[in-house]
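Chains as they are written, first to last, in the numbering used here: chain A, 1 to 275; chain B, 1 to 307.
Hints listed in this document are in silico derivations from the structure and should not be mistaken for laboratory results.
Keep in mind that a hint or two might mislead.
What the hints assert, rightly or not - Across the chosen pairs, the derived CB separations fall in these ranges:
| no. | chain 1 | residue 1 | chain 2 | residue 2 | range |
| --- | --- | --- | --- | --- | --- |
| 1 | B | R3 | A | P10 | 46 to 56 Å |
| 2 | B | A92 | A | Q221 | 22 to 32 Å |
| 3 | A | R184 | B | D301 | 33 to 43 Å |
| 4 | A | Y31 | B | S170 | 44 to 54 Å |
| 5 | A | R13 | B | L2 | 32 to 42 Å |
| 6 | B | T44 | A | G180 | 30 to 40 Å |
| 7 | B | R3 | A | S162 | 21 to 31 Å |
| 8 | B | D301 | A | N62 | 29 to 39 Å |
| 9 | A | R236 | B | L63 | 37 to 47 Å |
| 10 | B | I59 | A | W42 | 43 to 53 Å |
| 11 | B | E50 | A | A179 | 49 to 59 Å |
| 12 | B | R207 | A | S162 | 42 to 52 Å |
| 13 | A | P10 | B | A202 | 20 to 30 Å |
| 14 | B | I49 | A | W42 | 41 to 51 Å |
From a predicted model like this one, the values you see are computed outputs, not experimental measurements.
Note that the Cβ used here is the ideal one computed from N, Cα and C, for glycine as well.
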Amino acid sequence: MQVYRGVSTPRMRIYGTILLAIVLACAFGPYFTGYGINEIHWDYVDHPPSFSEGFPLGTDSNGRDLLTRILHGGRISLTVALAATLVSLMIGVMYGAISGYIGGITDEVMMRVVDMLYCLPFIFFVILLAVLFGRSVVVVFIAIGAVEWLDIARIVRGQVLSLKHKEFVDSARVLGVPAGKIVRRHILPNLAGIIIVYTTLTVPRIILLESALGYLGLGVQEPMASWGVLVADGARVMDTAPWILFFPAAALTLTVFCLNVLGDGLRDYFDPKTK
Amino acid sequence: MLRHMLRRSLFAIPTLFGVITLSFLLMRIAPGGPFTSERPLLPTVQAAIEAKYGLNDPIYIQLINYWAGLIQGDLGPSLVKRGWTASSLIEAGLPVSLELGMWAILVSLIVGIPAGAYSALHPGSLVDRSLMSVSVVGIAVPNFVLAPVLVYIFSITFSLLPVGGWGGGSYANKILPVASLSLPLAGYLARLLRSSMIEVLAADFIRTAIAKGVSIHRILFVHALKPSLIPVASFMGPAMAGVLTGSVVIERVFAIPGIGTTFIDGAVNRDYFVVLGALVVYATLLIVLNLVVDLAYAVLDPRVQMD
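Just chain A, same shape as in the assembly (with noise of 0.2 Å):
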C-alpha cells in the first residue's frame, strides 16, 4: 500500500491507466469487433476507416479488420514480451544471485562469462535462431528471453554482494540456515524492487526486439501477425492505404510508450538516486 501510494503520481496514473486500457482492449477486444483474425472482405480491401461501414479503423490489403488484427497483433506482442521477459528473470536472477552469494572464484569466473557475452551481436544471434529454427512463437520468445538476462544478472549480482555481508544474513547464517534457504528467504525479497523496475523496463524493450523480427519476416507468420508485421505490412502499402501503417504503429509506440514511463517512475520511486 505504502509503495502504490509513493509510486502513484499523476503522470504515472494517467499512463497506467492508458497501458491498462491497452491491455484489456487487447485480452477481450477481439471477443467484440466481430470479425476473426482471418475474416477477409473482397468488397472490403484497403477500405480506408469508416463507422458506417463497420471497419472503424478501415482494413487491410486483404479485406481484414485492421482493428481486430491490432488487438490480435497486441496480444502476441505482449505475451511473447511477457513470456521472454519471465525467462530472462528466472535465469538472470538465478545466475546473479549464486555469483553473488557464493563469490570469489566462482563469481570471478560467472561474471568473465557474463561480460564475454556482453561481446556477442545478439541481434544476430536472435535472427539466426528465428531463421534456423522456424518462425513460431516459442522460438522467437526462447531466443529473446535467452540473451536477454545479463543486464538483471549484473544488477542482481551487485545487490547480493552487498546484502550478504548484512547483519540479518549473517544471523541466519550463524543460525546454520542453508545457503539456498538464505537466498531465497532473506536475499531475493529484497531484491524485489529492483526485479519490478527491470521487468517493466524489460518488456518494452523485448516488445521492439520482437516487433524488429516480425517487420524483417522473421517472427510469428500468417494468420498471426504481431505489431511488428503490421507495421511492415502497412509500410508496403502507406502510399495508397496510409491508415494500415499509421494505426498499428500509433499501437506499438503507445504502448511502448507507457510502459517506459512507468518504468522510470518506478525506478525513481525504488532508486531515487538515478533520478
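Starting from the known structure of chain A, arrange chain B on it as the hints suggest.
Same frame as chain A, but now just chain B:
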C-alpha cells in the same frame, strides 16, 4: 593503461572463439541446407557438391578447417552465390553499413550534445521542455516505425527524397536512413547529458570557478562539459553497437545493400560461410568499440585507474 588494453584484446580471442563455434554448431544442427531447394538435386550430385565444400566431413573437422582458414584470413566460399566468396560479399556490404553508422553517430552527437547542454543551462525553460518532449518521442518511436513514416512524409507526400536504395552513396539517399537511426540516439544523448550536466553545474568546483571570475564559456566548455560527458561515454558503447545492429532493420526498410542484408540473406539461404563471416565481423566491431569506449572513459575521468 597499455596492459589493460592488451588484456582486453586477449579477452576478445575466447569470445570470438565462442561466437564462431556456437553459430557454426547452430547452423549445422538446423534443418535445411544451402542445396535444398524446390527442385531437389540428384542424391549423387548433392553428395558431390557437399564433398567439394567438405560438408560431409565430421563436424569437428569442418570446424577445425574453418578456423584454419580464418586464421589465414580466408572466410570461405559462398555456397549460394556463384563467383562470390564470403569475404567478397562482406567487402561489398561492410563499407555501406559502416558509412551509414558513422553518419548516424556523428549526427546524433552534433544534435544531442548541444541540445542536452542547452537544456541543462536553462532547465524548465520553454526550449528545454520542448527539446525534452521531442527527445522522449524520439526514444519511444522505434526506428522501423519512424523510417516508413519519414518515407511517407518526405518521399511520398512531398517527393523530396528517394524512397530507398543506396544510389552509390549519394547524400539524398542517406538523409532518411541516417535520420531514422540517429533520432532515438540523439534523444537519449540529450537527456543523459542534461541530467549529468545539471548535477555537475551544481558541484563545488563550478562555484569556485565562478567565484574566481572564470568566463562563462570557459566554465562551460572546459570545466563542466568534460565530467558531464562521462555517462555519455559509457552509453556510447552499447549505443554504437545498437546503431550497427539497428541498421539491419533500416537497411531492410530502405533496401540498402549493407552487411545486415548480406547476413539475413545468408541466414535464409543457409549460406554457412557468409553468415559466419558476417558474425565474425560484427563481433570484432563490437569488441573494438568496447575498447574505444574504455579508452574514452579513462581520458574523461581521471578517477578511473586502469592497471
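Evaluated hints:
For the hinted restraint 46 to 56 Å between R3 (chain B) and P10 (chain A), the CB-CB distance of approximately 53 Å keeps it satisfied. For A92 (chain B) and Q221 (chain A), the hinted distance range of 22 to 32 Å is satisfied, since their beta carbons lie about 31 Å from each other. The hint said 33 to 43 Å for the Cβ distance between R184 (chain A) and D301 (chain B), and at roughly 38 Å that hint holds. For the pair Y31 (chain A) and S170 (chain B), the supplied restraint of 44 to 54 Å holds, since their beta-carbon distance comes to about 51 Å.
A hinted range of 32 to 42 Å for the beta carbons of R13 (chain A) and L2 (chain B) is inconsistent with their spacing of about 54 Å. In this structure the hint that T44 (chain B) and G180 (chain A) lie 30 to 40 Å apart at CB is violated, the actual value being about 59 Å. With their beta carbons about 29 Å apart, R3 (chain B) and S162 (chain A) fall inside the hinted range of 21 to 31 Å. At about 56 Å, the beta-carbon gap between D301 (chain B) and N62 (chain A) misses the expected band of 29 to 39 Å.
A hinted range of 37 to 47 Å for the beta carbons of R236 (chain A) and L63 (chain B) is consistent with their spacing of about 40 Å. Under the hint 43 to 53 Å, the C-beta atoms of I59 (chain B) and W42 (chain A), about 51 Å apart, fit the expected range. Against the hinted window of 49 to 59 Å, the Cβ-Cβ separation of E50 (chain B) and A179 (chain A) comes to about 52 Å, which satisfies the hint. As the Cβ distance of R207 (chain B) to S162 (chain A) is approximately 32 Å, the hint placing it in 42 to 52 Å is violated.
In this structure the supplied range 20 to 30 Å holds for P10 (chain A) paired with A202 (chain B), their Cβ-Cβ distance being about 27 Å. A hinted range of 41 to 51 Å holds for the C-beta pair I49 (chain B) and W42 (chain A), which are about 46 Å apart.
Hints 5, 6, 8 and 12, counting from the list given before, are not met by this structure.
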